[in-house]
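Undergrad: Protein sequences, first through last, are from chains B and C. Using this note's numbering, read the first sequence as starting at 1 and increasing by one per residue. Using this note's numbering, read the second sequence as starting at 1 and increasing by one per residue.
Restricting the straight-line Cα-Cα distance to at most 20 angstroms, the calculated cross-link-like pairs of lysine to aspartate or glutamate (DMTMM-like) are:
1. LYS38/B <-> GLU189/C
2. LYS165/C <-> ASP88/B
3. LYS98/C <-> GLU147/B
4. LYS38/B <-> ASP148/C
5. LYS98/C <-> GLU127/B
6. LYS160/C <-> GLU197/C
7. LYS98/C <-> GLU82/C
8. LYS38/B <-> ASP75/B
9. LYS165/C <-> ASP228/C
10. LYS38/B <-> GLU150/C
11. LYS98/C <-> ASP148/B
Per the computed footprint, the stretches of chain B lying under chain C, defined by three or more beta-carbons under 8 angstroms from a beta-carbon of chain C, are:
12. 90-101
13. 107-120
14. 136-148
Pair by pair, the computed Cβ-Cβ distance ranges are:
15. GLU20/C <-> ALA221/B: 50 to 60 angstroms
16. THR11/B <-> GLU189/C: 30 to 40 angstroms
17. ARG182/C <-> THR7/B: 29 to 39 angstroms
Simulated from the structure, these hints should not be mistaken for laboratory data. Heads up, the beta-carbon is just placed ideally off N, CA and C, and yes, glycines get one too.
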Amino acid sequence: MICILCTPEDTHALWLARQLRARGREIELVLPEEILVKSQLHLSVCTQSGSASLRLARGLILDDRLAGLINRLYDLPPMVSITGRAADSLFVAEEWRAAIAAFLEMLSCPVLNHPTGANLYGQVLGEGHWRSLAARVGLAVAPWTSEDTDQTSPSEAQVSRASLFMVGSRVLDPLGVFAGQSDDRLRALTNLAGIQLCSAVFDLSSGQPAFTQLNPLPPFAAGGDALVAALDEAMVEAR
Amino acid sequence: MSKVLLLGIPTEPPMALAAEALGGLGVDFFFWDQQQVSQSTCMVRSSQMGLAGYLSGPEGRVVLEEVGGAYTRLASWAALPELKGCHPDDPRVNHACKTHRALEEWLESTPARVVNRTYANAANNSKPYQALMIRRHFHVPETLVTNDSETVLAFCQQHKRTIVKSISGERSIVTEFTMQDRNRLSLLEHCPIQVQEWIDGFDVRVHVAGQHVFATRVQSSAIDYRYDRSPQGARFSPFELPHDVEEACVRLTEEMCLGLAGLDLKFSADGRVYCFEVNPSPAYSVFESATGQPISQALALYLAGL
Chain B
1 MICILCTPED THALWLARQL RARGREIELV LPEEILVKSQ LHLSVCTQSG
51 SASLRLARGL ILDDRLAGLI NRLYDLPPMV SITGRAADSL FVAEEWRAAI
101 AAFLEMLSCP VLNHPTGANL YGQVLGEGHW RSLAARVGLA VAPWTSEDTD
151 QTSPSEAQVS RASLFMVGSR VLDPLGVFAG QSDDRLRALT NLAGIQLCSA
201 VFDLSSGQPA FTQLNPLPPF AAGGDALVAA LDEAMVEAR
Chain C
1 MSKVLLLGIP TEPPMALAAE ALGGLGVDFF FWDQQQVSQS TCMVRSSQMG
51 LAGYLSGPEG RVVLEEVGGA YTRLASWAAL PELKGCHPDD PRVNHACKTH
101 RALEEWLEST PARVVNRTYA NAANNSKPYQ ALMIRRHFHV PETLVTNDSE
151 TVLAFCQQHK RTIVKSISGE RSIVTEFTMQ DRNRLSLLEH CPIQVQEWID
201 GFDVRVHVAG QHVFATRVQS SAIDYRYDRS PQGARFSPFE LPHDVEEACV
251 RLTEEMCLGL AGLDLKFSAD GRVYCFEVNP SPAYSVFESA TGQPISQALA
301 LYLAGL
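Work out the full structure: start from the sequences and follow the hints.
TA: Below, the structure is given as structure tokens:
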């Protein structure tokens, strides 16, 4: 069984679930609320070994027996402490987030993407940071300044963009505009960031693709059948 | 020698000691006082050529590409006295947010030695997550994280003594699991708990600054020596680490991409060395003041690339 952690509004995750089911895979969608409400979490850590399991109220158990987990857990739902105090609610939220980060990290099945200690769905970096890393691995990058704001940045409609998708070490170019020229550098970038599943967005307005940012929550449908097949294979290969 | 940038509040002891040590070494440094954010500007740009930009404030201006090392202990800017309670639309809030975002982008991206970058600090936000990294080099205590009271009780029965600590970086006071805690286990339905076997032995705090290692033995009767309220309080004395332990401390700190770290070790009665936590923002000044160990000097040398 492959588990997809996502919110009910995550249309990309719902699309992926349909596509993988159509390929005969058993898919379970798990919502953030299910992680918190009447669930049973068990993490055991010691020097040589450890185990992780999460039993949901509906009886589904997430543990090492999963074939894989697609992690689109952007955040956990807001929590209110029984004391009602804002500081206590913040503490409860942080405790849950820290516990779930460790849980996802401990699963031995393929987890795309692994969390960091601070972000549940993987490495989250600023736009300037992504571009610096991209330049370091030799990708052409679009210039960025901290003066750029939502108001001053060109809108999506004004800029011609294209994306590459990464699944494990496979690079997918659904629009066929990159001719494989950025593949190795993108692999180097995702290795550096510890991300296995993402889309990398490039600005095409200057003629040459210039990297702008990397998204660890890729819009799956834009990757098409090739992305679904690559994800399916990534889960099977890892078993 | 390149310039060193200090970011924080000048009177905060770790920052003050770092500034003093840099001055003593004759290193050119710029101290940006975070409390002066309203009178400061930061601009960063990133391109194929790399990063460039500046930070300016009442004390002067620094060109960021000239900076070779940075030590940051920035507080949450929303908690700064000038901004506390301000409406989110207040221009001062907008300016502080923009300035800190630009600084953060630079700190995360610059090839300079940064103590420490936010992404490197992230592991400390989840102690069991961090334990998975620690256990490559040290023993870690048997640990349970759960929201199931039966499992907690079973774990406590397996161990003579059990301690409770937060899972995240919030409210990280370590206490012993007591009868009183048993009576509160029904609260687990709302929030998980982390319990650990108690390890008998003595505490050693290790500070790693670059390749320099300082170990301090801590004598205290408290469960968490940081909160020792006894008349004599916790006592600190320099401690000589076995070579392999010293090496493991440096390797772990490097693996976690930290330039400065505080490692909480316990030398157990059976000869094992446990590591409970790696603190990426250690208040090393407490240990330096108590023992005279030149931690700030090692930090200054690291920042200056010496």
